[in-house]
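A.B. asks: These protein sequence lines map, in sequence, to chains A and B.
The first sequence: position 88 = 88 (full-length UniProt numbering), numbered continuously.
The second sequence: position 395 = 395 (full-length UniProt numbering), numbered continuously.
Treat the hints as calculated values from the structure; they're not laboratory data.
Careful, some of the hints might be misleading.
What the hints assert, rightly or not - Simulated pairs of lysine-lysine, DSS-like, Cα-Cα distance not exceeding 25 Å: (1) 88(A) to 67(A); (2) 21(B) to 124(B); (3) 252(B) to 67(A); (4) 252(B) to 193(A); (5) 193(A) to 21(B); (6) 252(A) to 193(B); (7) 124(A) to 109(A); (8) 88(A) to 109(A); (9) 109(A) to 193(B); (10) 109(B) to 124(A); (11) 252(A) to 252(B); (12) 124(A) to 252(B).
What the hints assert, rightly or not - From chain B, some residues computed to sit far from chain A (all C-beta separations above 10 Å): (13) 48; (14) 57; (15) 172; (16) 176; (17) 185; (18) 198; (19) 324.
To be verified - If we take Cβ atoms under 10 Å as the criterion, some of the chain B residues that face chain A in the derived model are: (20) 43; (21) 70; (22) 77; (23) 78; (24) 82; (25) 177; (26) 210; (27) 242; (28) 346; (29) 378.
Beta carbons are placed, not taken as given, at the ideal position from N, Cα and C, and that holds for glycine.
There are 2 protein chains.
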Amino acid sequence: MNNLHIEMEIPAELVRERIGKLQSAMQAGQVDVYLVTQNVDIYYLSGSMQNGYLFVPGSGEPTFYVKRSLWRAGQETLLRVQELGSFKQFRATLEGDYPELLGADRAPKIACDLDVLPALTYLKLAELLGAPDRCRLIDGSGMIRTLRMIKSSWEISRIERAALAVSESLEEALGELREGVTELEWMALLEYKLRKRGHIGMMRMRGYNQEIATGMVISGAAAAVPSYFDGPAGGLGLGAASPQSVSTMAVKRNEPILIDIGCCIDGYVIDQTRTAVIGQLSEPLMAAYERSEQLLLDAEQHMIPGAICSQLYIDALAGSESAGLADHFMGFGADRAKFLGHGIGLEIDEWPVLARGFDIPLQEGMVIAVEPKFTFPGFGVVGVENSYLIEREGARALTRTPLGLIVLPY
Amino acid sequence: MNNLHIEMEIPAELVRERIGKLQSAMQAGQVDVYLVTQNVDIYYLSGSMQNGYLFVPGSGEPTFYVKRSLWRAGQETLLRVQELGSFKQFRATLEGDYPELLGADRAPKIACDLDVLPALTYLKLAELLGAPDRCRLIDGSGMIRTLRMIKSSWEISRIERAALAVSESLEEALGELREGVTELEWMALLEYKLRKRGHIGMMRMRGYNQEIATGMVISGAAAAVPSYFDGPAGGLGLGAASPQSVSTMAVKRNEPILIDIGCCIDGYVIDQTRTAVIGQLSEPLMAAYERSEQLLLDAEQHMIPGAICSQLYIDALAGSESAGLADHFMGFGADRAKFLGHGIGLEIDEWPVLARGFDIPLQEGMVIAVEPKFTFPGFGVVGVENSYLIEREGARALTRTPLGLIVLPY
Chain A
1 MNNLHIEMEI PAELVRERIG KLQSAMQAGQ VDVYLVTQNV DIYYLSGSMQ NGYLFVPGSG
61 EPTFYVKRSL WRAGQETLLR VQELGSFKQF RATLEGDYPE LLGADRAPKI ACDLDVLPAL
121 TYLKLAELLG APDRCRLIDG SGMIRTLRMI KSSWEISRIE RAALAVSESL EEALGELREG
181 VTELEWMALL EYKLRKRGHI GMMRMRGYNQ EIATGMVISG AAAAVPSYFD GPAGGLGLGA
241 ASPQSVSTMA VKRNEPILID IGCCIDGYVI DQTRTAVIGQ LSEPLMAAYE RSEQLLLDAE
301 QHMIPGAICS QLYIDALAGS ESAGLADHFM GFGADRAKFL GHGIGLEIDE WPVLARGFDI
361 PLQEGMVIAV EPKFTFPGFG VVGVENSYLI EREGARALTR TPLGLIVLPY
Chain B
1 MNNLHIEMEI PAELVRERIG KLQSAMQAGQ VDVYLVTQNV DIYYLSGSMQ NGYLFVPGSG
61 EPTFYVKRSL WRAGQETLLR VQELGSFKQF RATLEGDYPE LLGADRAPKI ACDLDVLPAL
121 TYLKLAELLG APDRCRLIDG SGMIRTLRMI KSSWEISRIE RAALAVSESL EEALGELREG
181 VTELEWMALL EYKLRKRGHI GMMRMRGYNQ EIATGMVISG AAAAVPSYFD GPAGGLGLGA
241 ASPQSVSTMA VKRNEPILID IGCCIDGYVI DQTRTAVIGQ LSEPLMAAYE RSEQLLLDAE
301 QHMIPGAICS QLYIDALAGS ESAGLADHFM GFGADRAKFL GHGIGLEIDE WPVLARGFDI
361 PLQEGMVIAV EPKFTFPGFG VVGVENSYLI EREGARALTR TPLGLIVLPY
């Protein structure tokens, strides 16, 4: 049964490098242990997404305590794997395996991905590990999110494959984008093409209560209907239980069709937006669309290592204000997104964010989706989005679809 | 812009009934407040899935404090909506709105959906609300999950629509299930058909680190490869970053093709499994398949109000043991699922579970997916799954696809 062999995909040196960098960060922050709980973070550090707890000591060898499947985890990662066994015995297991950290007289500082770990599991872990007397449990997610900002070439090649899949799928599907087709029908077609190219069927997102499958395709005014989703466009969606993205309304001529899509291939996502129109856009919408391209190109030029993330947002705000479009930038009224772009990688909402508060410099290896958009209640949303890799010389677009308004005949 | 009107979908009396039942449960448990945070729970209780906190007092009028979109929440629910505003001021806001519960001399018992709320948000909430001195924060998810077990006719009609979509899509797609097509290609086709029928693109799941888009289609031995997923089948998946469900391997003749699929329409999911074969199954697999149908029909007969959930699992275990199939039931070796079925509704992993520990009686209005399956390492997984509504007289299948092994010609 050779065909059922599970191969280790991740290069061994990448796992060693990531664990090493996490341990350096832990030492700098005087953290004794990182107990990783989330599937995505565990995958990042080990190469395996099986279910369990990855125990990373500040120095020395980590152990992946696996609930299920232990056998498969052993195939997927070079890290030491061990059966988790009874959760109640977990502290005793750890004391046995790491006596220098969890022995009787120790009170280690233990970091966890508390931004995603459910509170109930956190409370059980805290009790089990004897917090606050026998250990301190702190949030360490910022450490891993900071590590994950910088992509290796292995990761970039995966993001490039996702970018190619989106570009090819979009090109193929555009032939079917006609007046009268519903948003849902055309999105379904696009998703079908993405899926056949290896899209895993979801795009992972870290934010609580935020959901995304492949993005959105929305025609006209519906795109400007606000939603819970933390982005510049909303959409009527498929009812109150899926209140964003595509609806069953038909695409109409002479209105902007916002095509904000992505996919996830081999774990890595891409995110791109193009605006299409069947016929032509009104003058104000056309002017806003052109401004969005200009803001994208301005950002592209300024995205060199050392540029400050928050400044890129502030510059784009100023650029929309000087065009008289400040009220329409990234949403309208109370419901607007307060960013220009966001990191992408294993998740769609990675760091850095091009937003106030992110006063950190761009670094080589960051991958950022930049999405200047303008929202016009009653008319729709226009804009573009490219994903860029920050290189030494500046930003290189990973997005393959050419820029430019997509004009389709009736 | 009449077409952009957001209609209130949920019947007003259903919201009132659900809030009333939650308040009764709160009073019985001496809980003063339920602060609902999860999108699905908020939708269940209000009819809206906008982002925010739903504050339900033990008696009196709830308030939905909305982060985004306040306007849309106001369209979607009849409950009082109010802007959340600064999170730092949330305690002060609540003191003003509910002085009898959160006034200066009060220390209310506040329930939260701690099984899903991220720990970091929990800790911020606890600090903000002054726990443990000025309030007690407890997990109340069991209360809402218990309420949600019993479906109204409004919910059942939605599950029936999802069941019909799966049945129709499967029937259409079976014509394309041929030797040589890959699992991914055929799954993509099936998903395309589901999506066009209104599938929202994901099936919601409560369990941490558990993921499902539409299920799995797996041919032969790959189905028996274990995965992190808490179900009887695994699958090679699309690599270590999506290590379950479909792979890019081709479907072969004379091996079992496990088709375990669902969709989510208007918020409600369905879950069904059929086994197909191109050609014929070996005698032992055929015998196991027939036993799975027998176990399903046995369960169907015993699923009357009052039957004990755990007993249904124990009976199925006994039924597989008497057929000499105990080692193959619901997985193999260390990696097996320890249930016979599970509740479905807004989420795929609802209560009750037909498993040890669930010593509660079936009640009218429960909807349960029953999925006896047998796993044969090196050969595959065979089995069936129907979703049933518990009625006064017994179980009524909501699943529309007829039972029986699906035999396809070469």
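A.B. asks: All hints, please: hold or fail.
C.D. replies: Comparing the hints with the structure gives:
no. : hint             : in the structure
1   : 88(A) to 67(A)   : holds, 13 Å
2   : 21(B) to 124(B)  : violated, 29 Å
3   : 252(B) to 67(A)  : violated, 32 Å
4   : 252(B) to 193(A) : holds, 23 Å
5   : 193(A) to 21(B)  : violated, 45 Å
6   : 252(A) to 193(B) : holds, 23 Å
7   : 124(A) to 109(A) : holds, 17 Å
8   : 88(A) to 109(A)  : holds, 20 Å
9   : 109(A) to 193(B) : violated, 51 Å
10  : 109(B) to 124(A) : holds, 20 Å
11  : 252(A) to 252(B) : violated, 44 Å
12  : 124(A) to 252(B) : violated, 46 Å
13  : 48               : violated, 6 Å
14  : 57               : holds, 22 Å
15  : 172              : holds, 14 Å
16  : 176              : holds, 12 Å
17  : 185              : violated, 6 Å
18  : 198              : violated, 6 Å
19  : 324              : holds, 23 Å
20  : 43               : holds, 6 Å
21  : 70               : holds, 6 Å
22  : 77               : holds, 9 Å
23  : 78               : violated, 12 Å
24  : 82               : violated, 13 Å
25  : 177              : violated, 15 Å
26  : 210              : holds, 8 Å
27  : 242              : holds, 4 Å
28  : 346              : holds, 7 Å
29  : 378              : holds, 6 Å
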